[in-house]
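Asker: Given chain A's structure and the hints, the job is docking chain B onto it.
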Amino acid sequence: MADPTAVRAARGPTPGAPDERVRGQGLLGRLVARPELGALLGAVGVFVFFSAITDQFLSPLGVATWLDDSATLGIMAVAVALLMIGGEFDLSAGVMTASTALVTAMLATRLGWNVWLALLLSLAFALAVGAFNGFLVMRTGLPSFIVTLGTFFALQGLNLGVTRLVTGTVQVSGIRSAPGYESAGFVFASTVDLGGHAFQISIAWWVGAAVIASLVLLRSRLGNWIFAVGGAAGSARAVGVPVTRTKILLFMTTALAGWLVGTINILRFASVQANQGVGLEFQFIIAAVIGGCLLTGGFGSAVGAAIGALIFGMVRQGIVFARWDNDWFFLFLGVLLLGAVLVNNTFRRRAERARR
Amino acid sequence: MSGQATDQPPAGEPSTPDGTGPDGAGEVLLTMTDIVKTFPGVRALGGVNLEVRAGEVHCLLGQNGAGKSTLIKVLAGAHQPDSGQIRWRGEPVVLSSPVAALRLGVATMYQELDLVPGLSVTDNVFLGHERARYGFTRRRAARAEAAALLARLGHPEIHPDQTVGELSAAGQQLVSMARALAHNARLLIMDEPTAALAADEVDNLFRIVGELTSAGVAVVYISHRMEEIRRIGHRVSVLKDGRTVARDLDARTTPTADLVALMSGRRLDAVFPERAAAPAPEPAATGQPALLTVEHLSRAGEFTDVSFTVRAGEILGIAGLVGAGRSELLETVFGARRPDAGRVLVDGVPLRAGSVPSAVAAGIGLCPEERKSQALLLEMSVAHNVTLASLPAYSRFGFTDRDRETRDALDRLTELDLRPADPARAVRTLSGGNQQKAVVARWLVRGCRVLLLDEPTRGVDVGARAELYRVVHELAAAGVALVVVSSEVPEVLGLADRVLVLREGRVVHQAPAAELTEADVLDMVMEGSAA
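Those sequence lines, one after another, are chains A and B.
Using numbering that gives the first Met the number 0, the first residue of the first sequence is number 0, and each one after it goes up by one.
Using numbering that gives the first Met the number 0, the first residue of the second sequence is number 0, and each one after it goes up by one.
Bound-form chain A, shown alone (with noise of 0.2 Å):
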């Protein structure tokens, strides 16, 4: 009313003439709205970037090894991502990794459990603690950032704690000779012959990892609810979606990826480092806000996530393979958020502003 366009949108369509609230609907407009459209550029601008200036960075085993790289970080950011898009944030997932793999090798080693069984243990572990998150954040209204970065300090001291107490010192190996040990990595550590290369596994689980988030969040009830507690919580509520549950079951889905990757680390390296993890947190949510999230909820993508965990890996690979210092690694990322954000930010709004 106020809005002498909206207005004149209200009045329809004039015979013969295109309406302008359907405008913009072309290939270039969806594709410039899309959020991973920032994180996306970066990527490209990246690859080229280091396939230029270095030999390794294109050789296969270079590709091998950034994809690698990127794997574990990016199974992470795309389930931080969906969390993010509702609304919400988990500083403990980083540490998660940690103590599932330590939860995992404990058992094995020390009780002698067979590995499978301590996956299965230390998921159920993972599950709770992430429905704990949930419910203290949907009980309480306080904010997920600070009672996330209780668990998050929760679980690092436990971490230090029970393992020092365990182990007398503050790592846990020797998960190679538990039962169990072969099959658990043939799924979760194996390489894959590609070319006479070696690919981890966890490259595929990072790739399944997207599309099944892609597929919840574009195709499913849940990936319409996901947007809708983030983007409009009380309107969601007041048309039935169960928000509640929507987002403790976010939150238990970042702690079940926090698993994957504990899981995936301790078969790999057969030890794990009770400190191991920290810091990590802020990656995640570092790759979900390049690929597109918001941090205010509501908007974002998963296979953007995925994408800003590619530009992580290929930076921090590429710069070994340039043989440059590993400080620098923070300025790109630092100079990649920005840019990043802003590429997605401008468009968004141009997005917005050419439709109104």
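Keep in mind that the hints were calculated from the coordinates and are not lab data.
C-beta atoms are modelled at their ideal positions from N, C-alpha and C, and glycine is treated no differently.
Each hint should be verified, as a subset may be incorrect.
[Unchecked claim] Facing chain B, from chain A, some residues (calculated, C-beta under 10 Å):
id: 1; residue: Ile-84
id: 2; residue: Gly-229
id: 3; residue: Val-240
id: 4; residue: Gly-297
Answerer: Frame of chain A; chain B shown alone:
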């Protein structure tokens, strides 16, 4: 839809409420008996009775604050009544949640549209009741259904894949209506649905309402526009002060004067203290110059060519509906919005357009409508809030003099009788009336000479209102020029010396308060789109 609908007129034109209409025909769908709903400090509903029949448009009339919004929320399952009974087709029901109401067939179109802006039209229409198989949405089916619903609503051009946030207000309202249809609503609640619509959109809306009622759907219709009620309404119930004062009147034949009389006549007289002496009985005669002058102020789409003057010690009341441009006008005078044309003068000196510092320096203060979000730092102390606009006066080399701050705040609090008079208390813990006093105190400390009050008694209970009215009168007696905006006509008439009626951004009338009756003003305010 139902057998009762057969004797309704054909689709496209609302059935005529000429006695043979739905009054005797439609089955009684909903009965609400003695509904009471109390919020802390406020009794929003004090005994509401409502009966809605299938196939009728039941209009709900009442002034702002009469309890219409609360009643809607009770019906939609968003609020639980403290007492009273709701029957659905004769059976007692409990609308325990919005979902429960929707399951029963009660769909609500709120005035503030509750859509998820980031989701597509289709996703919004089916949100919460998705067309899904094994958890995966049947996108094709849902999209087709959404397209069909929009076509039925006369807008096939709205693309089901479009993001709702990109639609115009009218487009979003259609999506909201499509959602109600998708729920197979038996009872549709529409809260001022035409507020955001252009004239031909209104025709389209009424066509749809006509179709729905012919199919046996009941519509509870809320509007301030008499003309609309005459056009599509069958029966009218009137709310006043949270009570039903009239039920089931004929929407077409009941005289407007009767309806206005029912809505007005609020017993607020006792609340308004007699003013010791009218400060400017014949303002023109006194020759006293205007303190605040507003000349030909315009802002596109908000208000047009508004001029008025206020003298020291005078209270100007501005009456108008929500959306008439009242708040925008005050904010423009205060410099928070830049006018497209016109100017604001204090003591004959023009202010810099669109500059709050310039307005404040000239002695203008604004107590905004949303005091919690627009005026107060809720977690901070009363003292801090009160001195917020005058900090330079309390600062030396950038450090604030806390003692003097507290002392001065305390003086003002005593003056305004703010309770508890504890400057260290967090503003959040005060009642609505006392929070409002804290905002007023802020401008008094600043030494303000022109005070703009936007809905000063909103969310303030009746007892505290009398207090605020007293404060306003005392300020006027002390020589402050006041502008009071309110959607409650009795308040404007009781408080102001002179009244300006604003409708759709234009001044339609200006007169001394003593020459106007509540019915006159209500009539002018509500005439709305009556051509």
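Asker: All hints are to be evaluated individually against the structure, with a verdict given for each.
Answerer: Results of checking the hints against the structure:
no.	hint	result
1	Ile-84	holds (9 Å)
2	Gly-229	holds (8 Å)
3	Val-240	holds (5 Å)
4	Gly-297	holds (5 Å)
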